[in-house]
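Undergrad: The residues making up each chain are set out below.
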Amino acid sequence: MNGAIEAPTIEYGQLMPMLLVFGAAVVGVLIEALAPRYLRKAIHVPVTLLSLAGAFALIILQAVRDGVPEQASAMGAIAVDGPALFIWGVILVLAFISMLLINDDDQFVAQAAAVPGSPEEEDAVAQGGAHTEVYPLALFAIGGMLLFSSANDLLIMFVALEVMSLPLYLLCGLARRRRLLSQEASVKYFLLGAFSSGFFLYGMALVYGFAGTVDLGGISSALASVGGQDSLLYIGVALLGVGLFFKIGAAPFQAWKPDVYQGAPTPITALMASGTLVAAFGAVLRVFWVALGNLDWDWRPVMWAVAILTMVVGAILAITQTDIKRMLAYSSIAHAGFLLIGVIATGDAEQNSGSLSGILFYLLTYGITTVGAFAVVTMVRDAGGEAGHLSRWAGLGKRSPLLAGIFAFFLLAFAGIPLTSGFFGKYAVFAPAVSGGALGLVVVGVISSAVAAFFYVRVIVLMFFSEPAADGPTVALPSVGTAAVVTIAAAATVVLGVFPQPVLDLADQAASALFIR
Amino acid sequence: MEPVEIIQHSGGVIGVAWLMIALPLLGAAILLLGGRRTDRWGHLLGVVMSLASFAVAVLAFVELLGMSGDQRRREIELFQFIPGMVDMGLLIDPLSIAFALLITGVGSLIHIYSIGYMSHDPGRRRFFSYLNLFVAAMLLLVLADNYVGLYIGWEGVGLASYLLIGFWQHKPSAATAAQKAFIVNRVGDFGLAIGVFLIWTTFGSVAYGPVFQVAGQAEQGVLTAIGLLLLLGACGKSAQLPLQSWLLDAMEGPTPVSALIHAATMVTAGVYLVVRSGAAFFPVGSTAALVVTVVGVATLLAGAIIGTAKDDIKKGLAGSTMSQIGYMMLGAGLGPVGYVFAIGHLITHGFFKANLFLGAGSIMHAMNDEVDMRKYGGLRKLLPVTFVTFFIGYLAIIGFPLLSGYFTKDGIIETAMHHSPVLGWLAVLGAGITGFYMSRMVFMTFFGQKRWAEDAHPHESPAVMTVPLIILSIGSIFLGGYLVLGNTLANWLAPAVGGPEEPIEFHFVTTPGIATLVLVAIGAAFAWMKYGRAEVPVVAPRGSFVTTFARRDLYGDAINESLLMRPGQWLTRLAVFFDNRGVDGVVNGIAAGIGGTSGRLRRIQTGFARSYALSILFGAAVVAGALLLVGNI
Amino acid sequence: MPWLSTLIAVPVVGAVAVALLPKGADKLAKQVALVVSLVVLALTLAVTIQFSPRGERFQYVETYDWIPSFGVHWGLAVDGIALVLIALSAVLVPVVILASWHDADGTGADNPPKRSVKTYFSLLLVLEAMMIGVFAATDIFLFYVFFEAMLIPMYFMIGSYGGVQRSYAAVKFLLYSLFGGLLMLVAVIALYGIAGRNTFMFPELVGVITDPTTQKWLFLGFFIAFAIKAPLWPFHTWLPDAAAQAPAGAAVLLVGVLDKVGTYGMLRFCLELFPDAAKFFTPLVLVLAVVGIVYGAIVAIGQTDMKRLIAYTSISHFGFIAMGVFAMTADSAAGATLYMVNHGFSTGVLFLVAGFLIYRRGSAYIADYGGVQKVAPLLAGAFLIAGLSGLSLPGLSSFVSEFMVLIGTFSSEAVAGINYAVFAIIATTGVILAAIYILWMYKRVAGGPTAESVAGMKDLNGREKWVVAPLIALIIGLGFYPKPLLDVINPAVDTTLANVSVTEHQAPVPVAEQKGAGE
Amino acid sequence: MTTHYLVLSALLFAIGAVGVLVRRNAIVVFMCVELMLNACNLAFVTFARQHGNLDGQLIAFFVMVVAAAEVVVGLAIIVTIFRTRRSASVDDANLLKY
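Residue numbers (my numbering), protein chains in the order written: chain A, 1 to 517; chain B, 1 to 633; chain C, 1 to 519; chain D, 1 to 98.
These are computed hints drawn from the structure, not numbers from a lab.
For clarity, every value in this text was computed on a predicted model and none was experimentally measured.
For glycine and all other residues, C-beta sits at the position ideal for the given N, C-alpha and C.
Certain hints may be false.
Stated by the list, open to error - Each pair of labels, with its calculated beta carbon distance range: (1) B:Leu571 / A:Asp382: 36 to 44 Å; (2) B:Gln217 / C:Met1: 51 to 59 Å; (3) C:Ser453 / A:His389: 37 to 45 Å; (4) B:Val467 / C:Ile476: 34 to 42 Å; (5) C:Gln31 / B:Arg603: 31 to 39 Å; (6) C:Val206 / A:Gly385: 33 to 41 Å; (7) B:Arg566 / C:Gly193: 52 to 60 Å; (8) A:His389 / B:Leu571: 24 to 32 Å; (9) C:Arg115 / A:Ala53: 41 to 49 Å; (10) A:Gly385 / B:Arg603: 23 to 31 Å; (11) B:Gly625 / C:Gly193: 33 to 41 Å; (12) B:Leu26 / C:Asp105: 34 to 42 Å; (13) B:Asp39 / C:Pro283: 56 to 64 Å.
Claimed, not checked - Dumping the calculated EDC-like pairs for lysine to aspartate or glutamate here, alpha-carbon to alpha-carbon at most 20 Å: (14) B:Lys381 / B:Glu454; (15) C:Lys374 / C:Asp459; (16) C:Lys374 / C:Glu452; (17) B:Lys450 / B:Glu561; (18) C:Lys114 / A:Glu121; (19) C:Lys374 / B:Asp39; (20) B:Lys381 / B:Glu502; (21) C:Lys483 / B:Glu77; (22) C:Lys458 / C:Asp110; (23) A:Lys41 / A:Asp105; (24) A:Lys398 / A:Asp508; (25) B:Lys450 / B:Asp311; (26) B:Lys171 / C:Asp26; (27) C:Lys443 / B:Glu561; (28) C:Lys374 / B:Asp121; (29) B:Lys171 / C:Asp65; (30) B:Lys180 / B:Glu561; (31) C:Lys443 / C:Asp459; (32) B:Lys381 / B:Glu370; (33) B:Lys381 / B:Asp369; (34) B:Lys450 / B:Glu505; (35) A:Lys41 / A:Asp106; (36) A:Lys398 / C:Asp105; (37) A:Lys398 / A:Asp382; (38) C:Lys483 / C:Asp494; (39) A:Lys41 / A:Glu133; (40) C:Lys458 / C:Asp105.
Looking at chain A on its own, in the form it has when it is part of the complex:
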């Protein structure tokens, strides 16, 4: 019991992207504290965007100059390995374009605390400017995502989970219009999120009880040596899984997704639907492949059931949705199911890297298309804000063919029609899955994507084949940011749909070395 504690080594170089984002977040808080209201936004925007861009640049630098690190950094707490770098890149890209959406004015309430319609709110509006806290909050969330996806031990993962979630809980409640819905979404998300993280934590405790460590590598080796025949372990694994399934919105833990996606301010929905999902899958992969890799024979059947349920629920429930954001929420549930197929399709190293690169590619394609889709949603407005109800979208193709065309294109990408990125995304996941012995899942997958196609097509029918309503929604002239987002997303969807090879190579490289323990 000598008090000598050797100082921990921290590879700042590898962690720099993440640190940069967190740093920027802190700076943002300072800005909130010090800068005058009218200046805040002007300062926030460059700081935020630059930090994200910078972080991305750093990742490139890291990958190009130093290559992919061999072992975990920060005393094995964080693994900046190939997949992590790729996922970081994806998250940062998605976050960046989501930020462009968040920039857009009159998305956020002037003063969250003010009661809707109360005098306080009015003069808050009068003072102009939305809540500029959204920038630091978003940055914290993004930082949390980065950490979540690269955490190499369960404790860090839990902390990251909270760092990611807490700001999002708040952001969900900040919609300028339809405050009640927004706040309700916020409450639901918060309570359920906290609830589920409780499960995660308890699961973590039980696993710790079994393995005596929360380090992913440690757990795996413990499993290898002991060979898990411990009920507590299984319960622990189950509860861990619950926490993660909740985040990716797998059935039967998907209930929050539609409500939150619908209620939250659309730019935040975009961020959650893209960034959070990506980060969560990063975590899922780490937990199930790295920590519980030796237990795969036990969790695979359960995962099968979950995946099937998720795909089916997502596809079927989406059919009868009447709110565009809600429909997209269900579609994202279905997509989570497709991604789970990839998680299940494990085998030897080659097989795993195949599945992994498939998942990585899918995450990228799906994320970008999603942000684009939500960006379009922000542009279709009527008196009460965004025209959420599908019936309002009737005949949009006649009013503004270009926008409707792009949106239709996004929908086709979701449906996985060839020559869109979505097709190759699906293919990249399904192909390894078949060789990985998950043929059954793939069949379910294609059938449910056929069902899913129905509601994507339904929207297209509404937009193009039905006559516009007299008092139909107007298409807001997009801000530069929004326009940029839509353009980028559309371009990416096309390019990845026609020449996916470069990005596929990237994903392959990232996945080649698998996760480091």
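Chains B, C and D: place on chain A using the hints.
TA: Coordinates of chains B, C and D only, in the frame set by chain A:
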């Protein structure tokens, strides 16, 4: 003696025999594509083309005459139709050339006649283009050197007949009749087609030469099958039982059409088919041949009976056509000797029946298109030429001694007698009935007193119509004798269809011959008493059930209707219903099912945060339970 | 020069050009589209002329890596079968463009709304590119990509330019085909994995799958997709809706070309990749085909809507094609391939003429017509000829193919104790039924006294004559001299059947030789 | 003897979870969540004891910090919605459904 070898041929007129087909086809094309521009001279072009084709036929005939008997089957290559299966070519032999002469000859006469007959019709050009088209198709039918070529011509004439029956499309009756003719023929073609398939699969060829060469070696069953299938086709085209029903309706077409297509040529295609394939698939005594004769006799009686009750002059003639073709079929089932008389009767019938039809046309022309004989009467004074020619035709068909019909029909009857007395005597009976209904026709039309509609002003037809009549009637007088006496036809056909062992000598005085004459005389006398001397009611009296039976075409249509049409309609309705409700119902049902499930499931999303929490807890429990289960297995 | 890539590129470029035209320039859009399609036709002719039937099986081979990590190539090449089908597409598109000159204008008796003209024509060109691509693809993945992507332009053509029920029809069409396509996707993936050649190139995958069970499953994956596409009974119900609701031009391409992808796929992929499975399933497929032939014909008789009727006749015809393919005799398969082309022409002209009638009268219901022949003889004449080729009258092209299919099937030797002659005989009854549905329709439309609703009907105008004339010329020409096409098709078919290990192109053994063998 | 602690923590966790399900008041629900977290803490400490390493203890501290942060955010949200709705019942907030 067997048919002789087929010899590849090139050069000479025969070498360009395809002109026979090409010229009328060209004519048809020009007239159809030329449109109104050709209205003024269109009909002339039609006639010229037909005559030109006739000329080629004659020259080819002459060239053939110049050869010795065993050289007279010439085949000319045209082009590869279906590589490896069908090489299109023509077979110029005594049989085909005989048909070619009949078709182009009588055809040309009818073309000429039509100039006058159709002079007032706005669609005359179209009419002539169709006629040309028919001639071409018919020639392809008889000249082709393989069954596929024959099949093409076969359906080609069907098309022409469809177009011409329905020439006055605006008359619903005409449109319906045309459609009926085509469809009924298709039923026959169905048999013909399968027959061709069977020939191909059995012999590995569809060309006459190779097929006939090895035909003998196939199993009897196959041969019989082929024979019967071909016969089905023949029945369709030649309006033999049970596919006779279309012919009577076909009279909706302009009269020259009835004369050319539905009397002289097309309807005899069946006979051609049987005779052509005779040596191979209808050898004497074979089942197929027997069936042919039975069909023939049945039809000759049926046709005759129908003929007795018709007041519509054309329908009467149509019935008689059926009956006469029945005779030919009967003959065609009786081997080489039968072939000779069958073809002979076919040719003479071509003349006198065309003669009769054109005569009928001329009468209608005079009576502004009245066809009901009960509205005729006493026309012989006003239409002298028509009357004389028609009367000659009449004598010919009832087999008045020494006229054309006499030789050929008696020939058939005697040959039939030879094979089976039953058939023979039935044929004799048929002849008697013929005597009755033809006499009835003549008396009702030309004798007795006028029963015309008041606005009728009968007048003799122009020369362009009467001249063909005269020519045809001359043929009706002498042709039979020329063909039969001295075995002219027999010797001519022998190389093509095989000839009888010893030459046929024609006996003028035979039991059946006498019997026939007696019966015919009785029939004629009976007709005289009923329609010549006695007053003919303008409105047909409700005859006995026998009469109605005959009037209703022996209930042929009724049977078709109740056996095929009605069930068919029901089947169609059923199928449509099944398709909409059944097959499509399942598809839409699945979609609706998924939608419904979705509608119900989304109710689970109650909106209460606590219920979501419950679902999470529940899910957690299930997942944990499952893992424990799996883990502890 | 990369001929095939050019063939695909030209219409794409044209489509973009048309789409980018200024708003008002409808006429210009049409003209540009027409010119582009004619250029494509010219190129196709050039390709066809330089194609040597007896040469290499695949010619104009182009292979570039597209997605190496999936083993996917931009692999194009044509054999006789693909070539004739590409030619078919290239011929039909200009005709269709000419025929649907006013389809989007919102003129027409049933006064439909005015719709975007340039969109329509650029969609047409995109579709043409896809059609050429799908037939030219030698990379199975590429084939699949075209196979699926093709749906989208057609979906929009039906959905936004079609009749009253259009959106229902469009969705039904898309989802039905998509479903089949996705099943095929699974099979494609599995094929790639099981073959383990790390390539999707068709030539390298022939004969790789040997395990019978695997073959059967993969076969089903492909076959169902094609059976839906073709469509084969009982997967057919989307076609009548789609064809009836689509504008005539689109309907022509849908039934004339798109559906051929199904039968083409059966011949090219189902047979060659999974020969044993194909033979195993032959009886089943033949039953479906024959049922389709008779059933389609009977239902067609009962239709009251011209376009639906034609659609059902096509279902019957596709039965013939499928039968020809799976009877696996040289004659039947060659006949089936020829049938694909001829059916494109005959149904094409039938749909187009029906379209002209509907454009004038504003109704597709047969009952609304009568006596057209009197007022518009040329129109009626074209209608009749089209119909006659529909009932495969000898002398018209469709006869040859139908005859070859039937005779080929009839002569195919009995397999698994079933003598296919039976199928051929049942199928031949379709000949009778065809006469009924066509002639009855013609009688009701063109025959009888002139209905006052059609009293003022105009006859074919110059443009429409130019639409009908070439097709009818082709129909008659090929009817009398199909040799040129057959010479291109036969070698390809022989190779295909050889890969299925079925005997080469030859006539049945004459009895004489049988006897000789017996002695 | 650690089992008793584990059982206790399990009980606490269960109570918390059930509390979330049965209580309407958002604040109480939230407290139940906190209870669950503390149950976890107990489990961690127990296991730390069992394994004789400090990780568990250390994790407990982290959890407390996180819980504190959660409280801050949570109360903020609940207060806001209370101000607009004049009710803290989680059941009142169900505009978003189906």
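Undergrad: Would you mind marking each hint as holding or not holding in the structure?
TA: Evaluation of the provided hints:
| no. | hint | in the structure |
| --- | --- | --- |
| 1 | B:Leu571 / A:Asp382: 36 to 44 Å | violated, 55 Å |
| 2 | B:Gln217 / C:Met1: 51 to 59 Å | holds, 57 Å |
| 3 | C:Ser453 / A:His389: 37 to 45 Å | holds, 43 Å |
| 4 | B:Val467 / C:Ile476: 34 to 42 Å | holds, 37 Å |
| 5 | C:Gln31 / B:Arg603: 31 to 39 Å | violated, 56 Å |
| 6 | C:Val206 / A:Gly385: 33 to 41 Å | violated, 59 Å |
| 7 | B:Arg566 / C:Gly193: 52 to 60 Å | holds, 58 Å |
| 8 | A:His389 / B:Leu571: 24 to 32 Å | violated, 49 Å |
| 9 | C:Arg115 / A:Ala53: 41 to 49 Å | holds, 44 Å |
| 10 | A:Gly385 / B:Arg603: 23 to 31 Å | holds, 27 Å |
| 11 | B:Gly625 / C:Gly193: 33 to 41 Å | holds, 34 Å |
| 12 | B:Leu26 / C:Asp105: 34 to 42 Å | holds, 41 Å |
| 13 | B:Asp39 / C:Pro283: 56 to 64 Å | holds, 58 Å |
| 14 | B:Lys381 / B:Glu454 | holds, 18 Å |
| 15 | C:Lys374 / C:Asp459 | holds, 10 Å |
| 16 | C:Lys374 / C:Glu452 | holds, 12 Å |
| 17 | B:Lys450 / B:Glu561 | violated, 38 Å |
| 18 | C:Lys114 / A:Glu121 | violated, 48 Å |
| 19 | C:Lys374 / B:Asp39 | holds, 17 Å |
| 20 | B:Lys381 / B:Glu502 | violated, 49 Å |
| 21 | C:Lys483 / B:Glu77 | holds, 15 Å |
| 22 | C:Lys458 / C:Asp110 | holds, 16 Å |
| 23 | A:Lys41 / A:Asp105 | holds, 10 Å |
| 24 | A:Lys398 / A:Asp508 | violated, 43 Å |
| 25 | B:Lys450 / B:Asp311 | holds, 16 Å |
| 26 | B:Lys171 / C:Asp26 | violated, 44 Å |
| 27 | C:Lys443 / B:Glu561 | holds, 19 Å |
| 28 | C:Lys374 / B:Asp121 | holds, 14 Å |
| 29 | B:Lys171 / C:Asp65 | violated, 67 Å |
| 30 | B:Lys180 / B:Glu561 | holds, 12 Å |
| 31 | C:Lys443 / C:Asp459 | holds, 18 Å |
| 32 | B:Lys381 / B:Glu370 | holds, 18 Å |
| 33 | B:Lys381 / B:Asp369 | holds, 19 Å |
| 34 | B:Lys450 / B:Glu505 | violated, 47 Å |
| 35 | A:Lys41 / A:Asp106 | holds, 13 Å |
| 36 | A:Lys398 / C:Asp105 | holds, 16 Å |
| 37 | A:Lys398 / A:Asp382 | holds, 16 Å |
| 38 | C:Lys483 / C:Asp494 | holds, 16 Å |
| 39 | A:Lys41 / A:Glu133 | holds, 9 Å |
| 40 | C:Lys458 / C:Asp105 | holds, 19 Å |
Consistency note: the structure conflicts with the earlier hints numbered 1, 5, 6, 8, 17, 18, 20, 24, 26, 29 and 34.
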